[in-house]
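The listed protein sequences derive, respectively, from chains G and X. Here the numbering used here is used: the first sequence runs in plain steps of one and ends on residue 318. Here the numbering used here is used: the second sequence runs in plain steps of one and ends on residue 277.
Check the hints yourself; a few may be wrong.
As the list claims (entries may be wrong) - Stretch-level coverage of chain G by chain X, calculated; a stretch enters the list once three of its residues show a Cβ under 8 Å from a Cβ in chain X:
1) 19-25
2) 172-178
3) 288-298
To be verified - Some chain G residues judged to face chain X by a derived CB distance under 8 Å, without partners named:
4) Glu37
5) Thr38
6) Thr41
7) Ile42
8) Arg45
9) Arg47
10) Arg169
11) Met206
Everything labelled a hint here was simulated from the structure, so no lab data went into it. Every residue gets a Cβ at the ideal spot worked out from N, C-alpha and C, and that includes glycine.
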Amino acid sequence: MKRAIAILVLLLGVSIALAISFGATSLSWHAILGGDETARTILFRIRLPRVLLGALVGATLAVAGVTFQTLLRNPLADPFILGVSGGAAAGAATATAFGLAAYRGVVPAIAFVGACGATAAVFTLARRRDYVDPTRLLLSGLVLNAFFSAVILISFSLSKQSDLTAALRWMMGTLFGAGWSDVALLGVLLIVVITALAFIANDLRMLAFGEDDARSRGVNVERVKWIGFGASSIVTGAAVAVSGIIGFVGLLVPHLIRLIWRRDFRFLLPLSALGGATLVVLADLLARVAVNASELPIGAFTALLGVPFFLSLLRRSR
Amino acid sequence: MRSIQTRPPGRVFIFILALLLFACREEQTPLPEGSSRVVSLAPNITEMIYAVGARRKLVGTDNFSDYPPSAKALPKVGGTQPNVEKIISLKPDLVMASTSSVPPGLESSLRAAKIPLVWIKTDRLADVPGAMGLVGAHLGVLDVPIPVARLQDGINKQKRTRAHPPRVLFAVWTNPLYVAGRNTFVGDLLEHCGATNAVTVSGWPQYSLESLLANPPDIILYPNLSVTPRAMQELLDAAPGLRGRVRVVPVEENVFVRPGPRVVEAARQLNAILDAQ
Chain G
1 MKRAIAILVL LLGVSIALAI SFGATSLSWH AILGGDETAR TILFRIRLPR
51 VLLGALVGAT LAVAGVTFQT LLRNPLADPF ILGVSGGAAA GAATATAFGL
101 AAYRGVVPAI AFVGACGATA AVFTLARRRD YVDPTRLLLS GLVLNAFFSA
151 VILISFSLSK QSDLTAALRW MMGTLFGAGW SDVALLGVLL IVVITALAFI
201 ANDLRMLAFG EDDARSRGVN VERVKWIGFG ASSIVTGAAV AVSGIIGFVG
251 LLVPHLIRLI WRRDFRFLLP LSALGGATLV VLADLLARVA VNASELPIGA
301 FTALLGVPFF LSLLRRSR
Chain X
1 MRSIQTRPPG RVFIFILALL LFACREEQTP LPEGSSRVVS LAPNITEMIY
51 AVGARRKLVG TDNFSDYPPS AKALPKVGGT QPNVEKIISL KPDLVMASTS
101 SVPPGLESSL RAAKIPLVWI KTDRLADVPG AMGLVGAHLG VLDVPIPVAR
151 LQDGINKQKR TRAHPPRVLF AVWTNPLYVA GRNTFVGDLL EHCGATNAVT
201 VSGWPQYSLE SLLANPPDII LYPNLSVTPR AMQELLDAAP GLRGRVRVVP
251 VEENVFVRPG PRVVEAARQL NAILDAQ
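Produce the entire structure from the sequences given, and follow the hints as far as they go.
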């Protein structure tokens with residue numbers, strides 16, 4: 001466990017160092033220490049907050065993914081499958097279609113409301129008396145996703161061509177324009193959520209053996225579910241609100257960690273956070289430097305980086 | 001239970017093959033000698049039809065065609081994905097579309113309705129006069145060389161060479177930042193008027209804030225309908241250090257991003273902005 005954390009902290013450190021060192025423009029230490037105002041602005045006000053926001057978004061998505069997978073005892077569960085991200089994107093697309101993209105902060109706020117609304121809807125649909133059925137939850141997520149896709153498609157068709165660019169921002173995901181305020185907001189929220197999840201980590205670990213088993217060991221299963229889903233959804237909503245949809249992280253990273261270290265939730269939580277942060281920081285680095293002066297969609301690179309690694313591990317573990 | 005009869009595939013197979021071949025054959029719809037009812041699927045084509053004096057032949061346009069103002073009153077056939085039934089109901093003998101927005105399936109469905117379709121290409125500034133000539137020729141306008149020559153002359157008159165070319169960036173969208181690069185219609189316009197495009201890459205790239213700061217423009221132009229002054233302020237907030245050093249000027253969007261007869265007006269407005277620098 002200690003070794004695993006040390007390795008991942010080192011990996012994240014190297015990734016952040018690389019991501020800060022490279023970008024659309026090349027900066028020399030000489031220029032930065034020598035007081036070159038442009039170089040300093042690029043480093044401290046554009047590149048650094050963007051790299052850190054990438055790390056936070058990656059950690060958030062991976063933490064939400066591992067929590068959903070544990071709660072549902074389903075390896076497919078992640079914020080996307082449960083419709084949380086879809087709700088955020090549908091909210092953003094609808095707001096854009098109504099021309100609200102022109103007002104600062106409105107679209108991210110509606111994206112956040114969309115994510116939380118989707119969670120509430122999925123839960124209401126999946127609930128039978130006092131009991132949340134994992135299968136019904138997954139199924140509700142799938143159906144809601146279909147509904148959100150419809151909303152997004154209609155919003156796109158109604159949007160002006162210029163607004164399409166704004167709506168696409170949410171669908172493709174980007175860390176463009178990340179500022180320190182985004183870093184602070186998501187950072188604080190993520191710390192609160194990870195703390196909350198750490199408190200129920202032991203209960204979540206027991207939940208992995210089945211709900212009846214956990215109940216007989218004195219775990220308040222419903223309370224654990226509410227805290228787990230609620231905390232993960234809120235922080236996912238915030239992440240989608242600042243960066244749009246960045247795929248594969250929530251699904252891929254926890255599985256990668258399990259394939260390498262095979263540990264229970266108490267270990268998976270910090271390891272996934274570190275792994276997710278590393279993946280998104282590296283993917284954003286590639287998105288920024290792959291083509292001269294242009295930026296590419298980050299979601300493509302999370303998949304390009306993560307999937308081959310994941311498949312090779314999967315083959316070896318068979 | 002009856003056994004399923006198997007017939008030799010012979011005739012049916014050949015029939016289906018013939019049908020497939022018939023469906024796949026490259027049907028070149030003949031171009032008419034001057035059409036009399038035309039539907040325009042792009043605002044710059046609509047403006048060209050007016051400019052060559054063939055407005056009486058225009059029976060419908062896309063939803064975005066709003067200039068000259070009387071074009072707003074014409075029947076509309078849809079936006080980025082036009083409604084083919086609506087087009088057919090207007091009984092056109094020609095449809096004109098722009099190569100810069102190709103609606104999927106338009107070509108095949110119009111072919112099925114036996115309505116000829118002409119693609120008009122206006123990706124670059126130099127394409128515009130020729131494209132207008134083509135529009136006029138398809139509409140049987142005999143004296144089309146006159147407005148075309150007038151357009152070319154107007155463009156030529158706006159050509160400038162400046163001793164200290166201002167560095168200009170044209171922001172199409174601000175979050176994320178999309179810009180007009182080199183080898184585009186807007187990029188051509190900047191160079192034609194004696195400015196330097198602050199963007200060195202080609203096409204319409206998503207542009208990084210770092211590049212914006214590292215190659216700071218003297219002037220940022222933005223289209224007044226897509227980008228609000230507020231969005232532009234947010235971009236300047238996100239790119240600290242630019243404020244105060246750069247002049248931010250809104251431009252009339254429909255003049256600047258429509259490669260049509262109003263390019264002369266766009267160049268005139270751009271020259272006025274650059275002269276004030």
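Status of each hint after checking the structure:
1. 19-25: holds (count 3)
2. 172-178: holds (count 3)
3. 288-298: As far as the segment 288-298 of chain G goes, the hint holds, because 7 residues have Cβ atoms under 8 Å from chain X.
4. Glu37: holds, 6 Å
5. Thr38: holds, 6 Å
6. Thr41: With Cβ-Cβ at 4 Å, under 8 Å, it holds.
7. Ile42: At 5 Å from the nearest chain X Cβ, Ile42/G passes the 8 Å test, so the hint holds.
8. Arg45: holds, 5 Å
9. Arg47: holds, 7 Å
10. Arg169: Holds. Min distance 6 Å.
11. Met206: violated, 44 Å
Figure legend: structure checked against the earlier numbered hints; the only hint not met is number 11.
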